[in-house]
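Colleague: Listed below, chain by chain, are the residues.
There are 2 protein chains.
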Amino acid sequence: MKFALLFFVFILFLIGCSSDNKENNKSSLSESTDLKSDSIQPIAIVIHGGAGTILKENLSDSLEAAYLTLLDSLISSGFERLENGEIGMDVVESIINFMEDSPLFNAGRGAVFTANGENELDASIMHGRERNAGAVAGVKRVQYPISLARKVMENSDHVLLMGSGAEEFAASNGVVLIDPSYFYVESRYQSLLRVQEKEALNKNTQKEKYGTVGCVVLDAYGDIVAGTSTGGMTNKKWGRVGDSPIIGAGTFADNSSVGVSATGWGEYFIRYSVAYDIAALFLYKGLSLQAACDEVIHQKLAPIGGDGGVVALDKHGKVSLTFNSKGMYRAAKNNNGVKIVAIFE
Amino acid sequence: MKFALLFFVFILFLIGCSSDNKENNKSSLSESTDLKSDSIQPIAIVIHGGAGTILKENLSDSLEAAYLTLLDSLISSGFERLENGEIGMDVVESIINFMEDSPLFNAGRGAVFTANGENELDASIMHGRERNAGAVAGVKRVQYPISLARKVMENSDHVLLMGSGAEEFAASNGVVLIDPSYFYVESRYQSLLRVQEKEALNKNTQKEKYGTVGCVVLDAYGDIVAGTSTGGMTNKKWGRVGDSPIIGAGTFADNSSVGVSATGWGEYFIRYSVAYDIAALFLYKGLSLQAACDEVIHQKLAPIGGDGGVVALDKHGKVSLTFNSKGMYRAAKNNNGVKIVAIFE
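The listed protein sequences correspond, in order, to chains A and B.
If you're matching positions, the first sequence starts at 0 in numbering that gives the first Met the number 0 and goes up one per residue.
If you're matching positions, the second sequence starts at 0 in numbering that gives the first Met the number 0 and goes up one per residue.
In short, the hints are calculated from the structure, not lab data.
Wrong hints could be hidden among the right ones.
Heads up, the list lumps identical chains together, so a pair's fine if it works in one copy or across two of them.
Stated by the list, open to error - The calculated lysine-lysine pairs, modelled on DSSO-like cross-linking and capped at a C-alpha distance of 30 Å, are:
1. Lys299 with Lys284
2. Lys236 with Lys197
3. Lys139 with Lys202
4. Lys314 with Lys299
5. Lys338 with Lys299
6. Lys325 with Lys299
7. Lys299 with Lys317
8. Lys139 with Lys236
9. Lys55 with Lys338
10. Lys317 with Lys284
11. Lys314 with Lys284
12. Lys325 with Lys314
13. Lys55 with Lys299
14. Lys325 with Lys236
15. Lys338 with Lys325
Just chain A, same shape as in the assembly (with noise of 0.2 Å):
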């Protein structure tokens, strides 16, 4: 409790910092008006810092407004930085990278431990224009797994890379491998030992598990890109992936359709290709993003179980933030009017 409450503080002090830039950047701020009125080109941001049983009486008010306080300062300075001409892919790794620095999150510093009581971390990004995209698993030595995932896009051959071998590629390309013990966080550790202590009287556990954050944009050169981040799922065994590292399940971006980015039970978002199958009810079947969004969560998930949510945008920089679950940590904005910030349904 009284970490969130100094986080909170931490973060009027970032929105400060935030505040400041904009008076010493006035250059940049006039020109993103001018690109804004010069251009019809839509721009949005949707993010999420995932969904499952999140209930309100479990959240202290101290805990929610942290909470909301910082999607709304990510949110805005995501939406500023699109609007100033940042280059999507910029925008989605920053925003995942602050969010991996939180331990409100599960993901980077915050992440869940493992059975074994280790960390083992997730990503994935892709980039709409060409559909290129990076993805790793199960590393355990890595800060910021979605810049690895931008890495593995941008400087290999490959899409995805998994476990001890993802950390060479992460050395040799000039990441610094840090000690797992960056990634323990008390109250994580605690997760842990209650999941096992439940589970070992046979008591379902699995709502209370999982986490992951994650962040789509359309930006001002009409490219749309996608971004996911997880810890995995708590107590998880036997190297399990989740659907954060599979493009397709928990990330996809394409500019001729929508940018999805998933959160929730990952197997039935893999075996559904949730990200993806957003995508094709848009582009084959016609459907709105908020009806392909709605017959996929609603209409596939629910019915069997498959909690979570995405967050999604089209290329008409229409937005989405649709869940199944008791909440969702998620805020859209884009200029076209829409602003959002919400926990709970």
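Got chain A sorted already, so can you dock chain B onto it with the hints?
Modeller: Same frame as chain A, but now just chain B:
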């Protein structure tokens, strides 16, 4: 060459055994005839043993004959077992086991070597009734990766397990872990040396590095099952994972639409969600199976260099063997008069 001829003789022997079985199992054969006459349920099977730069001039007549005989034997025995009412999961698993046993294919024994001189195997399987799936990536001590993928599907809550974690799961499910030297096949090791030599001279080796096996069936109960198994890419580094263990990319099955197993340059197949895209075109755009395969393999992948192909079938028992490379080891048979066994275009 000598081993190819030996293998050929072995296959002739197996075909002999299979005919013997026919004699000894007249009751089940007549059952199958009844099944066929009493019902219009279509049944079908498609198989591939990889695609790529298979040049006729590089394949001796005797080796070509060995491949064709093996494919013929596999498609005939698989079809017969479906006629006899065996469930699709069993047929797909054992057909792929047979190919995993054969050093002629890049899967199981016969897997290509990584840059470190190891063999890292991937596989996935999917059942179309409830879209259940299992997959493993980067296992080094498992003789039959497709069987382990099935165990992941049937005995765990997960879809994808990787690396040593997947092997721990295997051991805890009664799978005997074998010594990695089992996978050593001299011709594959020579391929590694040849590719490494060429790469040192900056020559393009991309097209000679791939290979996969796969099988899709529509069984007598209307269930579509698809499976894929591979040794990955010659000289692969950094724990690279291709499309074979990725549900929606290398493998997909859904009773309401199609089943697909893919082979080719895996990175493209992941970025284009190839296996699921064929299903989506069939379901949402109303394309025929062949038109859907053509759109993905010829219209989408070929122009960007995404070499490879798929074997696929639909819920009506129609089959498609579609590739944009020089050849694909392939076979198909259904109860509507189709039988194909071929390598080149």
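Colleague: Hint by hint, note whether the structure agrees.
Modeller: Going through the hints against the structure:
1. Both within a single protomer and between protomers do Lys299 and Lys284 lie at most 30 Å apart by alpha-carbon distance, with minima of 16 Å and 18 Å respectively.
2. In this assembly of identical chains, Lys236 and Lys197 lie within 30 Å of each other by CA distance solely inside one copy; the values are 16 Å within and 40 Å between copies.
3. Taking identical chains as interchangeable, the C-alpha atoms of Lys139 and Lys202 lie at most 30 Å apart only when both belong to the same chain, with a minimum of 29 Å there against 34 Å between chains.
4. For the homomeric pair Lys314 and Lys299, the shortest alpha-carbon distances inside one copy (24 Å) and between copies (20 Å) are both at most 30 Å.
5. Only within a single protomer do Lys338 and Lys299 lie at most 30 Å apart by alpha-carbon distance; the minimum there is 28 Å, versus 36 Å between protomers.
6. Taking the shortest alpha-carbon separations for Lys325 and Lys299, only the intra-copy value of 17 Å comes in at or below 30 Å, while the best inter-copy value is 39 Å.
7. Taking the closest pair of Cα atoms, Lys299 and Lys317 come within 30 Å of each other both inside a single copy (22 Å) and across two copies (26 Å).
8. For the identical chains of this complex, Lys139 and Lys236 are neighbours both inside a copy (14 Å) and across copies (18 Å), given an alpha-carbon limit of 30 Å.
9. With identical chains, the CA atoms of Lys55 and Lys338 are at most 30 Å apart within one copy only, with a shortest distance of 22 Å there and 61 Å across copies.
10. Proximity of Lys317 and Lys284 under a CA criterion of 30 Å is satisfied in both settings, with 17 Å inside one chain copy and 23 Å between copies.
11. Taking the closest pair of Cα atoms, Lys314 and Lys284 come within 30 Å of each other both inside a single copy (16 Å) and across two copies (20 Å).
12. For the identical chains of this complex, Lys325 and Lys314 are intra-copy neighbours only, at 29 Å inside a copy versus 37 Å across copies, given an alpha-carbon limit of 30 Å.
13. For the identical chains of this complex, Lys55 and Lys299 are intra-copy neighbours only, at 26 Å inside a copy versus 46 Å across copies, given an alpha-carbon limit of 30 Å.
14. For the identical chains of this complex, Lys325 and Lys236 are intra-copy neighbours only, at 26 Å inside a copy versus 42 Å across copies, given an alpha-carbon limit of 30 Å.
15. For the homomeric pair Lys338 and Lys325, the shortest alpha-carbon distance inside one copy (21 Å) is at most 30 Å, but the shortest distance between copies (52 Å) is not.
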